[in-house]
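Visitor: These are the residues of each chain, in order.
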Amino acid sequence: MGAQSQAIAAQMVTANRLLDGATVYLTAGNGWSERFVDGALWNDKDSADSALKASDAAVAARIVVGPYLIEVATTGEGPLPTSAKERIRADHKPTFAPEVGSWTGRISD
Amino acid sequence: MYRYDEFDATIVQERVQQFRGQVARRLAGELTEEQFRPLRLKNGLYLQLHAYMLRVAVPYGVLSSKQMRKLAFIARRYDRGFGHFTTRQNIQYNWPQLSEAADILEHLAEVEMHAIQTSGNCIRNVTADQFAGVAADEIEDPRIWGEIIRQWSTFHPEFSYLPRKFKIAVTGAPDDRAAVRVHDIGIRIVKNDAGEIGFEVLVGGGLGRTPIIGVVCRKFLPKQHLLSYLEAILRVYNLLGRRDNIYKARIKILVQATGGEKFAAMVEEEWEKIKDGPLYLPQAEIERIHSYFAPPAYETLPDNEPAFETAKLEHPDFARWARANTVRHRVPGYIIATVSLKPESGAPGDASADQMDLMADLADAFSLNEVRVTHHQNIVFPNLRKRDLYALWQRLKPVKLATPNLGFISDIIACPGLDYCSLANARSIPVAQRLSRHFSDPRKLEEVGELRLNISGCINACGHHHVGHIGILGVDKQGQEFYQVTLGGSSKDDASLGKIVGAAFSEDDIVPAIDTIVETYLANRTGRDERFLDTYRRIGIDPFKEALYGPVPARRPAAE
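Just so you know, the protein sequences line up as chains A and B, in that order. Each residue of the first sequence is one higher than the one before, counting from 1 in this note's numbering. Each residue of the second sequence is one higher than the one before, counting from 1 in this note's numbering.
Hints may contain errors.
[Claimed, not checked] Ranges of calculated distance between the beta carbons of each label pair, as one might list FRET restraints:
{"id": "1", "chain 1": "A", "residue 1": "Trp103", "chain 2": "B", "residue 2": "Phe220", "range": "50 to 56 Å"}
{"id": "2", "chain 1": "A", "residue 1": "Ser5", "chain 2": "B", "residue 2": "Thr10", "range": "55 to 61 Å"}
{"id": "3", "chain 1": "B", "residue 1": "Glu272", "chain 2": "A", "residue 2": "Asp91", "range": "56 to 62 Å"}
{"id": "4", "chain 1": "A", "residue 1": "Leu41", "chain 2": "B", "residue 2": "Phe73", "range": "39 to 45 Å"}
{"id": "5", "chain 1": "A", "residue 1": "Gly76", "chain 2": "B", "residue 2": "Asn460", "range": "34 to 40 Å"}
{"id": "6", "chain 1": "A", "residue 1": "Gln6", "chain 2": "B", "residue 2": "Val475", "range": "26 to 32 Å"}
{"id": "7", "chain 1": "B", "residue 1": "Glu344", "chain 2": "A", "residue 2": "Ala60", "range": "48 to 54 Å"}
{"id": "8", "chain 1": "B", "residue 1": "Tyr549", "chain 2": "A", "residue 2": "Gln6", "range": "40 to 46 Å"}
[To be verified] Using 30 Å as the maximum straight-line C-alpha spacing, the simulated DSBU-like pairs for lysine-lysine come out as follows:
{"id": "9", "chain 1": "B", "residue 1": "Lys42", "chain 2": "A", "residue 2": "Lys93"}
{"id": "10", "chain 1": "A", "residue 1": "Lys93", "chain 2": "B", "residue 2": "Lys400"}
{"id": "11", "chain 1": "B", "residue 1": "Lys262", "chain 2": "B", "residue 2": "Lys219"}
{"id": "12", "chain 1": "B", "residue 1": "Lys400", "chain 2": "B", "residue 2": "Lys223"}
{"id": "13", "chain 1": "A", "residue 1": "Lys93", "chain 2": "B", "residue 2": "Lys477"}
{"id": "14", "chain 1": "B", "residue 1": "Lys248", "chain 2": "B", "residue 2": "Lys262"}
[What the hints assert, rightly or not] Under 10 Å between C-beta atoms, here's a sample of chain B residues computed to sit facing chain A:
{"id": "15", "residue": "Tyr52"}
{"id": "16", "residue": "Ala75"}
{"id": "17", "residue": "Gly346"}
{"id": "18", "residue": "Asp419"}
To be clear, the hints were calculated from the coordinates, so they are not data collected in a lab. Just so you know, even glycine gets a beta-carbon here, dropped at the ideal spot from N, CA and C.
The following block holds chain A by itself, in its conformation from the complex:
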């Protein structure tokens, strides 16, 4: 399958976790991680599409919602999402320092 599949820019499957909406990435072991660096990268279209299809099981199991593929670029700092939106998602927080409240959890925690 991989040998004949169209080569593409690297892709990763991402979704939001059902319980809290957090950004998660599909790992090579078919698990889900909040860490972008744990996400499995696919360099051909068939593998990327298969990974996305496989993530339907996690949707059915009520682990995640709305999985989709994102494009990933290799940079001097390692792999990074190509779009600004996905870079912000990967950080799990807004790009500015909080003037009020906190990004890291409930302040009563």
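Using the hints, position chain B against chain A.
Guide: Frame of chain A; chain B shown alone:
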């Protein structure tokens, strides 16, 4: 303020329990996401970039201190210690858990609040002039009509699946502080030649990707017919509004396609059939709702309060804040103050749980237990004795709630943008923060004077950029954030839509570009009493274009 009757309390409580059951069924796998999504949206629960977001309705912007305290409690217990006040006078929580959403709604119900109809293709939370009932220039209190519309529109079975969302705003004063001309329906309380008070009804205004100023549908509507007339408008829209294309589904597109006069004629025809039916408002019912908004027991006070005047003389910072952030109250000896939620480096509209608690305490101490939310994302103390203003200011100042910038360039409307929103193309808040730092000198703010700057992170225009005197729209160009600038917008009585000044600016160039626009204004105005908007309307866009796109390398646009 309005108090829930048994019927209101029952339907809100029932809705909480329904939603609790729906969440449980979703978590148990009995509902798919496709089935659950419309149900959660009907309860104000969105899924955004990092987490769920819960939008809570603040009907016509009125909050009791008890309600504000509950909002603080929810921010602290169920979120991350803050909330975001929006351009529709609502509050949004950015980090709730799905499993706790019903608990939050249960807490809200305890203080007569909810998230019903804060999403979906229905009639959304009705907004109103934040100075309702206390403004010196008011013809009549719009809260009464906001409440009557709220009761009619809540769970209205015919209008639960409109072609698209529907927003109504009401103003009771000639100085429009509710942006009624850019709403699906705008209602102006007016007095006719015979001295009778009724409504001028505007229709088909809106922002988004097709910004349009509303047109007059009826110049004068007697009060008792308000609901039947609104029902007629909604019925015509519900039948004829487009459902095949989400971008052409708002009533503004229907009104434009039909023509304002023809649309009004269709409404009149429908209205004739129903105007004297069950929606006719008997005077007794109007008076019943009116009684909830009876003026509080104001003291008889002299309008000239020596302690207030002395405090201003002794404390220039206080005097500056009082000049910028207060307006005249209709009762002598009282004053209306607006707390800016736009401190230097702040995220516009955000307030911490502690700040909300403090504002609730101050409302109890000084403002007859009530605050208001403005569509400019600020908080109003509507009922202050002038003699208490200095004490209030002293309590606000240490917690960054005394920024003297109301109506100035740093009093920025900004949507959450790409930092939170899954629809956005670019970030809004960091641009607002940088502008707030650039324009942080209160003397400079006063010198520049009234200048409304609004920022949206995408064409959906939640940040009202089209009607900012200066508007900034974030756009995505090959993965990079750029910012398009419009000039000359207004959401007031002289409503107008801003014109694009030229090519978009990069993230690095946007603040210098805005500075150039301000300096061009200062160089061209006839004097301090000519506002930015007036100068722009007098000299046109060309001087600004020349200043921005002339041969100055640092200010050259970064990309087309």
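Visitor: With reference to the structure, classify each hint as holding or not holding.
Guide: Hint-by-hint comparison with the structure:
A beta carbon spacing of about 52 Å between tryptophan 103/A and phenylalanine 220/B agrees with the range 50 to 56 Å that was offered as a hint. The supplied range of 55 to 61 Å is met by serine 5/A and threonine 10/B, whose beta-carbon atoms lie about 59 Å from each other. Roughly 58 Å separates the CB atoms of glutamate 272/B and aspartate 91/A, a value that falls within the hinted 56 to 62 Å. Look at leucine 41/A against phenylalanine 73/B: about 44 Å separates their beta carbons, and that is inside 39 to 45 Å.
Glycine 76/A and asparagine 460/B have their C-beta atoms about 35 Å apart, which keeps the hinted 34 to 40 Å range intact. Hint check: glutamine 6/A to valine 475/B, Cβ distance near 31 Å, so the stated range 26 to 32 Å holds. For glutamate 344/B paired with alanine 60/A, a C-beta distance near 49 Å keeps the hint of 48 to 54 Å intact. Between tyrosine 549/B and glutamine 6/A the C-beta distance comes to about 43 Å, which sits within the given range of 40 to 46 Å.
A C-alpha spacing of about 26 Å is found between lysine 42/B and lysine 93/A, which places the hinted pair at or below 30 Å, so the restraint holds. Between the alpha carbons of lysine 93/A and lysine 400/B the distance comes to roughly 23 Å, so the proposed pair stays at or under 30 Å and holds. About 15 Å separates the Cα atoms of lysine 262/B and lysine 219/B, which keeps this hinted pair within 30 Å; it holds. About 43 Å separates the Cα atoms of lysine 400/B and lysine 223/B, which puts this hinted pair outside 30 Å; it is violated.
Proximity of lysine 93/A to lysine 477/B is assessed by CA-CA distance (about 23 Å); at most 30 Å being required, the pair is judged to hold. Restraint check for lysine 248/B and lysine 262/B: the C-alpha separation of about 19 Å stays at or below 30 Å, so the hint holds. Here the hint on tyrosine 52/B is kept, as its CB sits about 4 Å from the closest CB of chain A, short of 10 Å. With its C-beta approaching chain A no nearer than about 7 Å, alanine 75/B sits inside the 10 Å limit, and its interface hint holds.
For glycine 346/B, the interface hint holds, the least distance from its beta-carbon to any beta-carbon of chain A being 5 Å, beneath 10 Å. The beta carbon of aspartate 419/B comes within 4 Å of a beta carbon in chain A, closer than 10 Å, and the hint placing it at the interface holds.
Checked against the numbered hints listed earlier, the structure breaks hint 12 alone; every other hint is satisfied.
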